[in-house]
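Letter 568 of the sequence shown, counting from 1, is numbered 568 in UniProt numbering, and no numbers are missing.
Keep in mind that the hints were calculated from the coordinates and are not lab data.
Small disclaimer: the values here were computed from a predicted structure and weren't measured.
Straight-line C-alpha distance at most 20 Å; calculated SDA-like pairs for lysine to any residue:
no., residue 1, residue 2
1, K865, A881
2, K845, N897
3, K465, G438
Each pair of labels, with its calculated beta carbon distance range:
no., residue 1, residue 2, range
4, K406, I748, 54 to 62 Å
5, K845, D418, 24 to 32 Å
6, G605, D203, 47 to 55 Å
7, D203, N382, 46 to 54 Å
8, T336, T260, 20 to 28 Å
9, P724, Q632, 29 to 37 Å
10, Q537, K845, 40 to 48 Å
Backbone N, C-alpha and C fix where the C-beta goes; we use that ideal spot for every residue, glycine too.
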Amino acid sequence: MAWRGIFKIFSTIASGKNNLPEEKMDFEEETGDRVLNDEVELGDEEGEEGHRQTFAGAIPGKMVQCLKTDQVRGPFEPPRLVLEPPLRTANPLKLMGTAIPLVQIGGVDKVLALPLPHLPFFPGFHRPVQVKDPKLLAALQESYARHAPYVGAFLVKDEPGTDPSLVSGSKAEKNIYDLKGKELLNRLYEVGIHAKILGIRGDRVVLVALGRIRIMEMVDKEPLTVKVGHLKDKPYNKDDDVIKATSFEVKSTLSDVLNTRSYLKRTCTKCIDNSEFPRLADLGAVISGAKNLQCQQVLEELDVYKRLKLTLELLKKSMEISKIPELVLETDSKTTLSAKFRERLEGNRDQIPLHVLQVINEELSKLQQFGASSIEFNETHNYLDWLTALPWGIYSDENFDVFWAKKILDEDNYGLADVKERILEFIAVGKHRGTTQGRILCFSGPPGVGKMSIGRSIARALNRKFYSISVGGLTNIAEIKGHFRINVSSTPGKMVQCLKTVGTANPLVLIDGVDKLGRQHARDLTSAVLDLLDPEQNAKFVDNYFFFPIDLSKVLFVCTADVVDNIPKDFLYRMELISIAGYVTDEKMHIARDYLEKSTREACGIKPEEVEVTDAALLCLIEKYCHEAGVQNLQKHIEKIYHKIALQLGRQGVSYEPAIADKPGEALVRCAGELSKKDVTDFKTIQESEAIGTIEKVVVDISNLADFVGDPVFNAERIYDQTPVGVAMGLAWTAMGGSTLYIKATQIEQGEGKGALTLPGQLGDVMKGSAQLAHIVARSMLFKKEPDNRYFANSKLYLHVPLRATPMDEPSAGCTMITSLLSLAMKKLVKKDLAITGEFTLLGKILPIGWVKEKTIAARRNGVKTIIFPSANKRDFDELATNVKEGLDVHFVDDYNQIFDIAFGDDQETGK
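Please take these sequences and the hints and turn them into a complete structure.
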């Protein structure tokens, strides 16, 4: 692994040419390429250091990209490198512009002797060497400046009488640099490498090996300078069959070795095919990772055939050694894994179904047969991991105490008395039955009314683990039923993942957004969720990943939905619907003060005495910013207020900077995480002492509320204090809760016999039919009250209904439409603060409507004093909480004549 980067260079510069472009390279260890075993490794982790070759988009590091850009062609010519900051050289282009042959022929040179404490150097490779001898380093710098950048690199012999495996590298290097002159010469191998200095940065010298040399004699003791003779390979016949066969065997073994080192395979394959015999032997020695002495023997061997044989032996030995840890690791890993899986089953083996135990035993047997690196092994391992991690037969003890349940529900949720009462009934029935299985609760209501919070409270009250699954965004049946076990990435469905996560077989699972399943066209997804929920089927729920039934009958399922009309019909008749209409203003005040504000303040780390949010500010926030039925938006606005308060308190605080030491030459740079204990103590003391006197309490009131949350973003639904002629107020229901709406009638054309009614194009068929019928009933009513009034017969009218009345809304605006049309025809104002809801027949009889609570809350929110409901809805209204009905004058009617008398009494004014 240490030679990885060298081979990347070797493969690129194996054939090069002159005229190389300049590239920049910094050889500092902190910012450049990594160095392992004193060899340059250019395949770094990411970016500048390159990616691991583990995926299709992996790329080499910047140095290898540099070599690719250089387009080297000459024999073993390295790219020219311009170091930053600039090195001392008069003409680096001239210095680096000549080709470097692999073997220098003949001649004797005088060079500095550079000791190599670790592996030897081979021709054609770059290598940075750390020089710790100051005199030797100075001499190398001087040689480099004199344009004689050559040095002899020699491997150091092991110290006599010591075991090199027991001596650390740093200690060995220290012993080497303590030697001088003759002592150092005696510790060096005679055969080394003639190298050229590419650059010097600090104590790191970057070399490129040129050829083999042998020490002839010592010239100077300190720094050690020797006279060397250049060595050349012995002549050999390239066409010799024995050499060819040996080289072929070396290449084959090299390929096998590279198969175990994927990070080198792509880089070195081309280099192996194109290398000559001497070069191939050197490359094989490097890849083998052999020890110092073995590599030195290859370096000293000048007979090409013998060098190939030495390299072949090293490669085969390396191959055999690489197999030993794999076999041991594979055997150990299989035994360890099997023991781990069996240990998981020890505690509850008696509770595991027999068919599951049989599957586990079969898979454990398969695990021993597959190789650790095979796909089947990984698939079997994952399968066993899931099988043994599931809580077979592990159940939490249920608590059916209704008093405890009521306490939990009151702690976690304010109001909702009717919902809590229904939940207590559900728990009480479970106590008598001994189980709550077989029943599915579904909480419906607008977003933010606390449906999921109630689900958590039920789980806490029953002492069950809680898990939530959102099915709104699911489009693949495998998310519920699991993936078929066809590859390593296959996983079970969400229900099995739930059991593994919670660790019990009887959790409370909340299925969030079942109404959104109706939007999916894939019928199989709805069927999969139905298989999960149906108590008649989930006792034998089959996940595709396992292919055997799993008992989910002990799981308690609770569902949530925003719009009941969108829930698939197959679900509806299996569920018990519990509607959560929303909160009135005083309920929101209690929730904001007792729950939302307290939790937000604690989350921001603000003390109660540091801030005050007045009731008036909260009331303004509810009425002008958070008008919806739920409290989700209210929570966001309270969080926004406290975030700004935290910033104000932070700006009022006192900053503290530790003193900087002023000793000559001492630079003290410390970050907040590096302060001493005394600094931190002093810092906290100063902060606390000064905060008491300087930090002012932040008060949020109506006057400065806009500074925290901006201008009101929600305009009141109530537009008129007194509705004008032709306008009547109705009550409607939307997905966000109850809402008021103004239905307006106006005349667009008048003439004899032009009586007609025009409607907006966005109305649904139900609303359009109701409007046409309202026009007919209004004409009939006008004829009875004012026989001479021919307004409807001679007027073309336009009836406007706000967008808030969606086509999904049930027919409940008919009475309001009649009232609006009659107000226009008789030029009379409708009674002030009156809201009307109800549908009618052709004969004027009033039909019941739905969503009484939501519409009542909307009326209270908008300051309505008088409400008209159908008589059939009196029971629904009587069931409402007292605080919802308080202050309202409610009339229950059976006929439209009663509505007419209330809306257009004798005391009503006539409009202009």
